[in-house]
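Enquirer: Spelled out, the chains give:
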Amino acid sequence: SAVISQKPSRDICQRGTSLTIQCQVDSQVTMMFWYRQQPGQSLTLIATANQGSEATYESGFVIDKFPISRPNLTFSTLTVSNMSPEDSSIYLCSVTDYNEQFFGPGTRLTVL
Amino acid sequence: GENVEQHPSTLSVQEGDSAVIKCTYSDSASNYFPWYKQELGKRPQLIIDIRSNVGEKKDQRIAVTLNKTAKHFSLHITETQPEDSAVYFCAASTGAAGNKLTFGGGTRVLVKP
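Protein chains in written order, with our numbering: chain A, 205 to 316; chain B, 15 to 127.
Keep in mind that the hints were calculated from the coordinates and are not lab data.
Predicted model only: the values in this text are computed from it and were never measured.
Be aware that a few hints might be false.
Distance condition first, Cα-Cα at most 30 Å in a straight line; then the derived BS3-like pairs of lysine-lysine [said to hold, decoys possible]:
#1 B/Lys-85 - B/Lys-51
#2 B/Lys-82 - B/Lys-72
#3 A/Lys-269 - B/Lys-36
#4 B/Lys-36 - B/Lys-82
#5 B/Lys-82 - A/Lys-211
#6 B/Lys-82 - B/Lys-71
#7 B/Lys-72 - B/Lys-51
#8 B/Lys-72 - B/Lys-56
#9 A/Lys-211 - B/Lys-36
Kindly produce the complete structure, drawing on both the sequences and the hints.
Expert: Okay, here's the thing in C-alpha cells:
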C-alpha cells in the first residue's frame, strides 16, 4: 500500500493565523483527499485534491477557508486560514491505491 | 448526498465474546463498503472491505455482511481480544470521484479481559 507522510504532525496556533499542512505519498496517485476529524468525532471529507485542476469542496467547506494545492501526483497541501478554536481538529490526507483508501498519520491542530 | 448511520456508538464485550456493529446507508448507488479501525492517537486502518457484488467476506476473526436490498452492512468480530479495543468506522462510496468515502459516526469497542 502507499506510504503517506504528513507535516507537521501537530501544531498549536493562535487564532487568526494560518497553517499549511503537507501530504507526501511515495507513489503517484490520481486522487488525494483531505478529511477533518474533530475531537471524539468521525471523519468528514473537506475536499478532493485533483492534480492540474481546482480542488472539489464538500458542502460546508470553502476554498477561502481551506485552500488546497496539488502541484504533482505525489504531493498536496491544505491550508487552514484565519483559524479559530473551532478549527481544532485532526486533519488527515488520504489516497486511493488499488481501489482501497489509506490515510496519512494526521496533523493534530490546536487553536488557542 | 450519501448518509451513513452506525450503531451502536459504544459496545462493551467480554473477551472471547462476539461483537457486531451495524451500518445503514442511503444512496443505492453505493458499491464499496470499507471498515476502519482507529486506535487512540493513530490513523484509521483499513481492516476489511466489501463490494456490492459480494454478500459476505471473511478474514480470520473478522467478517462483513452486506444486504443491498435493505441497504445495510455489518461487521462481525469473533473471539474478541483486548487488542480489538478501538473505535471502528464504517464507510460507503459510490466508487465515483476516486472512492470518496462517507463515514458512519463510529463505534467505540471495549473488550474487557
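Enquirer: Work down the list of hints and note, for each, if the structure agrees.
Expert: Consistency of the hints with the structure:
1. For the hint pairing B/Lys-85 with B/Lys-51, the CA-to-CA distance comes to about 22 Å; that is within 30 Å, so the pair holds.
2. For the hint linking B/Lys-82 to B/Lys-72, the alpha-carbon distance of about 18 Å falls within 30 Å, and the restraint holds.
3. Between A/Lys-269 and B/Lys-36, the direct Cα distance comes to roughly 35 Å. Violation of the 30 Å bound is thereby established for this hinted pair.
4. A C-alpha spacing of about 13 Å is found between B/Lys-36 and B/Lys-82, which places the hinted pair at or below 30 Å, so the restraint holds.
5. For the suggested pair B/Lys-82 and A/Lys-211, the alpha carbons sit about 40 Å apart, so the restraint of at most 30 Å is broken.
6. Among the hinted pairs, B/Lys-82 with B/Lys-71 is consistent with the structure: their alpha-carbon atoms are about 14 Å apart, no more than 30 Å.
7. With a CA separation close to 16 Å, the supplied pair B/Lys-72 and B/Lys-51 stays within the 30 Å bound.
8. For the proposed pair B/Lys-72 and B/Lys-56, the alpha carbon gap of about 25 Å is at most 30 Å, so the pair holds.
9. Between A/Lys-211 and B/Lys-36 the alpha-carbon distance is near 35 Å, which puts this suggested pair outside the 30 Å criterion.
Of the numbered hints given earlier, the model fails hints 3, 5 and 9; all others are met.
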